[in-house]
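Q: Single-letter residue listing:
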Amino acid sequence: MSNIGITQPGVIESGTGLPPATSLRAEPGPIRAFWARLTARRTAMVGLVIVVAMILMAVFADWVAPYDPIATDWGAIRSPPSWAHPFGTDEVGHDVLSRIVFGARASLGAGLTSVALAVALGLPFGLIAGYAGGIVDLLIMRLTDALLAIPFLILAIALAAFLGPSLTNAMVAIGLSATSTFVRLTRAQVQAVAAEEFVEAARAVGNPPWRIAIRHILPNIVPAILVQATLTIAAAIIAEASLSFLGLGQQPPEPSWGSMLNVAKNFLEQAPWMAIWPGASIFLAVLAFNLLGDGLRDALDPRQRT
Amino acid sequence: MLRLFAAGLVAGIAALSPVQAQTLRFGLMEDPDALDPTLARTFTSRMVFAAMCDKLVDIGPDLKPVPQLATSWNLSEDQKTLTMTLRPGVLFHDGEKLDAAAAKYSIERHLKLPGSQRRGEIAPIDRVEVVDDLTFTIILKTPFAPLMAQFTDRAGMMVSPKAAERLGDKFSTAPVCAGPFKFVERVPQDRIVVERFDEYWNKDQIHLKRIEFRPIPDGTVRLTNLRAGQLELLERLTPTDLPQVTRDPKLKVGSTIELGFQSIVFNPNRAGSAVADPRVRAAFDLAIDRNALNQVVFSGEFLPGNQWVSPKHPAYVKEYPLPKRDVAKAKALLAEAGVPKPSVTLTVYANNEAPQVGQVIQAMTREAGFDVKLQATDFTTALDAADKGNFDAYLYSWSGRPDPDGNTFSFLACKTPLNYARYCNPEADAALAAERATVDLSQRAEAWKSLADRVMADRPLIYLFHRKLFWAYSTKLSGFTPYPDGLVRFTGLMLN
Amino acid sequence: MLRFLVQRLALAIPTLVIASMIIFTLQQLLPGDTATALSGEERDPEVIAFIRQKYHLDQPLPVRYVLWAGGVLQGDLGESIRLQKPVIDLVIEKLPVTLELACLAMLVALVIGVPMGILSAVKRGTAADTIANGIALWGLSVPNFWLGILMILLFSVQLGWLPASGYVSPFESLSENLRSMAMPAFVLGNAIAAVMMRHTRAAMLGVLGSDYVRTARAKGVSPLRLILRHALPNAAIPIITLGALEFGQLLSGAVLTEQVFSVPGFGKLMVDAVFNRDYATVQGVVICTATTYVLLNLAADLLAAFVNPKLRRA
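Residue numbers (the working numbering), protein chains in the order written: chain A, 4 to 309; chain B, 390 to 885; chain C, 9 to 322.
No lab work stands behind these hints, which were simulated from the structure alone. Treat the hints with care, since some could be wrong.
What the hints assert, rightly or not - Mimicking BS3-like on lysine-lysine, the simulated pairs with C-alpha atoms at most 30 Å apart in a straight line are: (1) B:Lys777 x C:Lys62; (2) C:Lys93 x B:Lys493; (3) B:Lys551 x C:Lys62; (4) B:Lys865 x B:Lys641; (5) B:Lys501 x B:Lys551; (6) C:Lys93 x B:Lys559; (7) B:Lys551 x C:Lys93; (8) B:Lys453 x B:Lys838; (9) B:Lys530 x B:Lys838; (10) B:Lys501 x C:Lys62; (11) B:Lys804 x C:Lys62; (12) B:Lys453 x B:Lys857; (13) B:Lys453 x B:Lys701; (14) B:Lys453 x B:Lys469; (15) B:Lys493 x C:Lys62; (16) B:Lys453 x B:Lys486; (17) B:Lys559 x C:Lys62; (18) B:Lys838 x B:Lys469; (19) B:Lys598 x C:Lys93; (20) B:Lys501 x B:Lys530; (21) B:Lys701 x B:Lys838; (22) B:Lys501 x C:Lys93; (23) B:Lys713 x B:Lys838; (24) B:Lys707 x B:Lys804; (25) B:Lys453 x B:Lys493.
To be verified - Chain A stretches covered by chain C per the calculated footprint, using a threshold of three residues with CB under 8 Å from any CB of chain C: (26) 149-160; (27) 163-170; (28) 236-249; (29) 262-271.
Glycine included, C-beta positions come from ideal geometry on N, C-alpha and C.
Produce the complete structure using the sequences and hints provided.
A: Shown next as structure tokens:
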């Protein structure tokens, strides 16, 4: 569960993770410069291509998959890879390739949705905590710390178990578990930006606090959030697979890579192909988001380029 | 920290004794619950009790009671007084004598201990009276045919009154019974260890020195351990793993058809239920090909069935043989009922096999027009939904009891705890009352027939198949005999 | 320094209290309670009512929280209803197994991660650096339960070298213990190794660029000596600090690793407890995990503050 570590507080605070957002502001044409730096990084582009390809595969699964992923073929139970079934079939005669293709929906969907949820919750709370300070800040941060005190996956398992096993609930569980990271990150960024002269200036002119937060602070912290979000998607994909592997995510017969592995481990000897492809898919998806996230980070912070 | 160290030290010393040649390592499918015959509730705990706690009577291969702790018994003419005579000279593991007073104590404990899981099984008992040192009588409120069958299971297990008094509801931490092996230690989720009791009444037949029960929930892992020589015996082998075992010259397989059943329980009374009409339930039944289901999911190893007992059971009602799949008739019934495309949510446990069964049923019934949605949940969520009536159809499994009453009464009698279908039919109730009231076999057969007449027409639940219970064991183990109750008899077992 | 410690502790305690409240409240979302799970096949209504009453399941939530928290303050984490054992005993029983797994995994992580990090920092920009970074990326991206399954497939099923699962106590047989732990430790350590590699690389790059090392190099200290005697000791503190923070990750990973290899440790205890509605055990495990995690964070902070006094202002 390595990438889950990325969402842990220590990594970010210790400074190996993210640049202060302000580093971008002074540069001319930041977006174009950033894009140039990103495209210059081959590994990041590889990641981007894989991510885009997988998203396309998930979106157009109906056209890509050779079979209906939940259609059973009793004549072909656990049959090894063949021309008819390039990735073989599973314990009730589903075509594994088709399930991999459709499983991308569950995995990528869970990754994107849960992180979107985490950002949607984390960003406003972080903004409020960082900008308002005082008792509000204290309350939000105590709650955040409490959630961060429970390791990410353990919290997600507990939440998923308590909400009941389903893909939606797994997404909610992962999203909630990742929220505190974004609260913390946003707050730290806000505090850094709020001290800047241009924010002081906006305040002096008499702009209301919410306006300063949205117009002046938010745009400056977006890059840092974007990097963290990309890396968290990788963690969320593994988390979804983990929950499904434990039986707390996607439910049969709908496919998900994690639940396919859960079944496959019972047939390791008779049908090893059932275990190979879903795992390889998870690996590829996570790798792609990690590559892209690393690339984004480096591209956003020229000082840290290595 | 000190406690941690001490715990480690104790574990270390306990582990120093080498694994003996006559140590049987037995892989269980799950970690048993409390080791108290009165409070225990799982099938797996019975595996361990089979080594520790003898019963008043045991079950024979023909499902009839045979002597164990009681050597003889006699039922009065009015079927309300049972007189039992105990085996002389039997000792509990703590050296206490098993006499009529101890038997009375044990039965009363089953009846009265708060939280007793046995009370319902022997509820018709009014009181127990000691006649002499070895003889006692059980007086019933009403005739109760399944009583002897209950005594072949946990309700017939005798515990040492002294230990039970001392430990109270903590008896499970150090159970003291009168079986061939005595309790040594338990490490939750890791092992339960028992050791030969040297003063056991039948000690000449006990060759094993020690048994280690090891819970390993994953079937594949359990088998891998057996093949690697880390176990000598395992229970509930997955049928699809069978070829691997038969191929292995160092392993053997034992099997028996379970006493229980696998079924689909319908909830016709739920508001807006698509299965409210019995014709829809009949169509569902007709859409299922039980033989194909057995082939696909269980490699054809289980036994397709359609009643509360298997077709091989003496109480099977022969007038209702296994139905054949008939999709055309199923469609016709649905059209007749006015619901050509009923939408049914089928609740299944999220274990290894149930979702597979669910998926096959989903595919089969789709051909008749059903739109089955699967809802895989954990055990407790499913039970909660069943209790509250929050389900359409529920893939339900029952481990079975030696007497068919244990497979029917609580499911089909009006307002009984396992009657998840909320089935309530006066004729069925009358049939159930009739089978309970007599031990006469032909009268009971008649009652089973009239019960089947109702249930096969109303279909509050449909029975699908009966599992075969498989044990795999090392060829080093001899004397292994499968019993119909699915429990291992350790008497006579030997490791070479 | 003492003030800093007191400050940090004062923050840690409410954190734990709130964490316990969150977990306690969340459990009530589940359909079915312990009594449902425990009532057995027969589901006797009287038994269900009895269990509810015995374990205060019929009391309102705040009352139960106070009852539980009161016990925790006296070192009593409650009783596992399923196993009829005090949770603290279960924790004490399972903790050594997971600790052993965690320590072995950490060892694997250090043995792989630190040398690789040093190598990639020293040989920055070369093929060795690229390869090391590639390996780290692999470690970060491979789902550890899948890696576990693949290893079982290769080493147990195909080659038959290592047991697929199970746990042998080191007191029973040390060699068997290590054989049974080899795959789980590697699988768990693999992920941490990648993180350690990245930390080591960053720390080493920082130290190697410092005036102090440059001076030593100018003095003609041999490269190997320079790395081992001058650069590494300075990079060690951040590596250790960050390593301590990986503990949470280690615990998260252990849950799945233990599940794949059927290792009877903390993670398995928790997963089984979740499925059996064994609330007391879930709470106990989460509270122990959170406490350890918070303490380790605290220790890491203290260590960092000790090394870098500027941080003490925080």
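Q: Starting from Lys713 of chain B, check that the Cα of Lys838 of chain B is at most 30 Å away, please.
A: The hint holds at about 20 Å.
Q: Between Lys453 of chain B and Lys469 of chain B, does the CA-CA distance stay at or below 30 Å?
A: At roughly 20 Å apart (the allowed maximum being 30 Å), Lys469 of chain B and Lys453 of chain B satisfy the hint.
Q: Lys501 of chain B and Lys93 of chain C were given as a pair; does the straight-line alpha-carbon distance stay at or below 30 Å?
A: Between Lys501 of chain B and Lys93 of chain C the Cα gap is close to 23 Å, so the pair holds against 30 Å.
Q: Lys93 of chain C and Lys493 of chain B: Cα distance at most 30 Å?
A: holds (29 Å)
Q: Would you check the hint for Lys453 of chain B and Lys857 of chain B, treating anything up to 30 Å between C-alpha atoms as holding?
A: holds (20 Å)
Q: Hint check: Lys501 of chain B vs Lys530 of chain B, CA-CA at most 30 Å. Holds or violated?
A: Cα-Cα ~16 Å, so holds.
Q: Lys804 of chain B and Lys62 of chain C were given as a pair; does the straight-line alpha-carbon distance stay at or below 30 Å?
A: Given that 30 Å is the threshold and the Cα spacing comes to 25 Å, the pair holds.
Q: Verify the proposed pairing of Lys598 of chain B with Lys93 of chain C, using a straight-line Cα cut of 30 Å.
A: holds (27 Å)
Q: Would you say the stretch 163-170 of chain A counts as covered by chain C, given the rule of at least 3 residues with C-beta under 8 Å?
A: holds (count 4)
Q: Quickly compare the C-alpha distance for Lys701 of chain B and Lys838 of chain B to 30 Å and report which way the hint goes.
A: holds (16 Å)
Q: Sort out whether Lys62 of chain C lies within 30 Å of Lys777 of chain B, counting only the CA atoms.
A: holds (22 Å)
Q: Quick one, are Lys551 of chain B and Lys93 of chain C close enough, alpha carbons at most 30 Å?
A: holds (22 Å)
The structure is consistent with each of the numbered hints, conforming to all of them.
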